[in-house]
Amino acid sequence: MSEHQHVELVADRTVDRLVRVALFAALLGVLSYVAFPYPLSPAPVTLQVLGVFLAGIFLGPIWGAIAVVVYLVAGAIGLPVFSMGQSGIGVLLSERVGFLVSFPIAAAMTGAIVHGGRSLVDPTTVSTLRLVLGMTLATGVIYLLGLIGFMIVLSMGPVEAFVVAGLVFLPAEVAKMAGAIAIVRSARLPRSLIDR
Amino acid sequence: MSVAYRPGETVFHRLDPRTKLWCQVAIVAAAYAYTDPLPLVGLTIAVLVALSVLDLSPWRILATMRPVIVLLTIATVVAGVRIGSPWFSLADASETGIAAYRVLLVIVVGFVYVHTTPTRASQAALQWLVPGRIGRGLAVSVGLVGRFLPRFQTTARRIRDAMAIRGGDRMSLHRRIAVFGIVVLAAAVRDADRTSVAMRTRCLSWNPTLPSLSFGRLDYLAIVLGLGLCFLAIRSLL
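Sequence lines, in order, name chains A and B.
Taking this note's numbering, the leading residue of the first sequence gets 373, the next gets one more, and so forth.
Taking this note's numbering, the leading residue of the second sequence gets 9, the next gets one more, and so forth.
No wet-lab data here; the hints were simulated from the structure.
Partial list, derived from the structure: chain A residues whose beta carbon lies under 7 Å from chain B:
(1) Val393
(2) Ala394
(3) Ala397
(4) Ala398
(5) Val402
(6) Gly450
(7) Pro452
(8) Met456
(9) Ser459
(10) Leu465
(11) Ser527
(12) Val535
(13) Ala550
(14) Gly551
(15) Leu561
(16) Pro562
Ideal Cβ positions, reconstructed from N, Cα and C, are used throughout, including at glycine.
Given these sequences and hints, build the entire structure.
Encoded structure:
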């Protein structure tokens, strides 16, 4: 007797959403791998936070946060998406735990402020002030949770943690914000990214 | 180059991915619960044995972790620095140094999983861990990330090379980020749009054919070991 299995197809709109989520999760992985030499830091600076900003700006608070969660899960199970192409639960639970855990919250915060709620607007029409506000608050959350994680995991005081993991990296975040605004304002982005 | 999956027949390859995930969580919990150097010596020996079984050189592993090691070394030194006499506290520096060493061990424990578990087996474990459509959606998305990642990385490398040839290194940091980000994002979106059309045409289903998972005798042994570690971790907190 032959076995029959009921096949449940995924709706076209859901396919689009899953692909968009995976696109930003993979993009975040690529941006985490790309390192620019940075004179203030002995370690190169990656564009990981730029990926978090872009996920919130282009996908909105909910799907932006989901894309970042997919990124974290992909990294935890072994895809080389974390900083400098690393992966594994160990990296997720290392001194970076606070930074990584803050990313979905930061993407949701950026998305909520840029889009002014859950319904999405065309991000290219959003004012620069709103974009800057969204990314600044998101950066605040990233560094707040990131430094708390750093302090707990490495048994450090708040000042020492800020010196090692905050002070030298904060100016680079400003450059990433400026980069994100230039990306949003670019006429070279495909319309499919904005049209829904 | 980071640690990646390599097929093999070792004891770690034979374990079910769910067991390996559980054991990782248990080991990490125990490592963070016990802050004395002695348990860390035990974990170090266990990690070295695991690397030896997997034929992975500890030096090669350390080389892949160079940026993390630099950061943790700076953290250790900064933790010891005092403004005023005696200028440096060895006790504070050693406390952070031990914690930093523990972080390195925890990261390597994660590498053992990555080195011995194919992504599809992890996807199946994910679907088991997160039931329903959320789990299936998560597994599909992670699969797509695995498909996109090498393509996007190739695109990113090509763009960086092109920028370097055209004198992009002389641009300001934010200008470089913007140019690079625009070109990478545009290429990635076009790639994703093509994938989306192909997936809709081929009728993506919620019933993926992921590898079937099953527990063996070795898995039960590892689960009990993990339970023991979790018990010790909880006991140390009480």
